[in-house]
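*Asks:* Sequence:
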Amino acid sequence: MRKNQIIAMVLSAVLAAGSNMTAVTTLAAVCDPQAAGGSPVRSAGAGRDVLWSSAEGDEEDSGDSIDLEKAVTEAVSQVSGGASKEETVYIFTDEYGNQRDITVSNWLKNPEGKDKLEDLSDLSDIENVKGDETYDRNGEEITWNAGGKDIYYQGTTTQQPPVSEKITYYLDGREIAAKDLAGKSGKVRIRIEYTNNVPYKNVYVPFAAVSGMAFSNDTATNIDVDNGSVISEGKNTIVVGMAFPGLQESLNTVRSESKDIVEKIGDDEEDKQDTKNRIDEVDIPGSVEITMDATDFKMSTCMT
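So that you can map any letter, position 230 of the sequence shown is 346 in the numbering used here, and since no number is skipped, the others follow by simple counting.
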């Protein structure tokens with residue numbers, strides 16, 4: 117049984133341990149690369165995708181940034197599946213992952229074409245961003261006058277995000293401040309560590325954290341990532357890494373449940389025992405590391 121199959125099985129055990137969990141949330145932490153030699157992050161405006169550019173007004177760079185967003189979005193699309201509500205938490209951070217602002221976008225799917233859609237939300241400043249449908253609110257209970265349509269809305273929150281991240285930079289094996297790394301040459305390592313902030317009973321609510329960064333091929337070569345893939349996009353290279361914060365800790369809690377699942381679904385005794393051994397050995401990533409050979413280092417875009 118492959119590692120991704122084991123992770124899926126562990127997710128089943130985690131969900132069984134917290135059977136009331138229905139969260140389908142994509143974390144979109146947008147780090148500002150300015151201190152690392154890039155330009156500041158800019159928002160495209162309410163109701164639109166968040167875009168970034170390594171140079172303001174540079175359409176070619178903006179296009180590459182859209183490719184990065186597409187790569188990250190496609191990587192998490194399997195997580196949301198057929199959920200009736202998808203939530204994306206845009207967390208604007210500094211170059212180290214420290215939170216600045218949060219905007220939450222929700223998509224209420226209406227496959228049956230209902231006239232009204234019920235929702236629960238504690239967001240403030242709620243705005244319909246793709247239509248003129250109105251809503252009635254009673255505390256956290258919201259009723260949208262959908263008129264048979266899907267509803268897309270945004271709001272703000274001061275709550276702690278479900279997943280937080282810490283970004284650390286290294287040059288030739290030594291930790292370095294982002295502002296000092298800009299323009300340097302050598303072996304660069306970027307480590308992104310994630311923390312799951314949503315415990316539920318004796319496990320964590322499962323989240324997949326997918327981070328993407330874009331680098332110019334003129335300044336970065338031999339790019340590698342420990343848990344993910346490297347994608348060539350014209351003059352740039354896009355790196356997409358994936359981690360499951362809190363899932364290893366949840367696995368440690370539900371190992372016996374995971375082995376019970378193997379016992380129920382397996383046919384061959386030798387294969388079942390091998391899978392059980394793999395469960396004991398599996399190391400589910402909670403971080404992403406990117407390495408490269410850099411010349412005049414500059415990080416243009418990053419998002420999670």
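No wet-lab data here; the hints were simulated from the structure. Some hints could be false.
Claimed, not checked - Taking lysine to aspartate or glutamate and the EDC-like style, the derived pairs with C-alpha atoms no more than 20 Å apart in a straight line are:
| hint | residue 1 | residue 2 |
| --- | --- | --- |
| 1 | 282 | 405 |
| 2 | 225 | 202 |
| 3 | 225 | 248 |
| 4 | 265 | 288 |
| 5 | 230 | 202 |
| 6 | 300 | 409 |
| 7 | 232 | 210 |
| 8 | 232 | 202 |
| 9 | 201 | 231 |
| 10 | 282 | 210 |
As the list claims (entries may be wrong) - What follows is a set of in silico ranges between Cβ atoms, one per label pair, in the way DEER data are often shown:
| hint | residue 1 | residue 2 | range |
| --- | --- | --- | --- |
| 11 | 271 | 390 | 29 to 35 Å |
| 12 | 290 | 340 | 30 to 36 Å |
| 13 | 309 | 385 | 36 to 42 Å |
Virtual Cβ for every residue (Gly too), placed ideally from N, Cα, C.
*Asks:* Against this structure, judge whether each hint is valid.
*Replies:* Evaluated hints:
no.: 1; hint: 282 - 405; in the structure: holds, 12 Å
no.: 2; hint: 225 - 202; in the structure: holds, 8 Å
no.: 3; hint: 225 - 248; in the structure: holds, 16 Å
no.: 4; hint: 265 - 288; in the structure: violated, 54 Å
no.: 5; hint: 230 - 202; in the structure: holds, 18 Å
no.: 6; hint: 300 - 409; in the structure: holds, 11 Å
no.: 7; hint: 232 - 210; in the structure: violated, 39 Å
no.: 8; hint: 232 - 202; in the structure: holds, 18 Å
no.: 9; hint: 201 - 231; in the structure: holds, 16 Å
no.: 10; hint: 282 - 210; in the structure: holds, 10 Å
no.: 11; hint: 271 - 390: 29 to 35 Å; in the structure: violated, 48 Å
no.: 12; hint: 290 - 340: 30 to 36 Å; in the structure: violated, 19 Å
no.: 13; hint: 309 - 385: 36 to 42 Å; in the structure: holds, 39 Å
In summary, the numbered hints that this structure violates are 4, 7, 11, 12.
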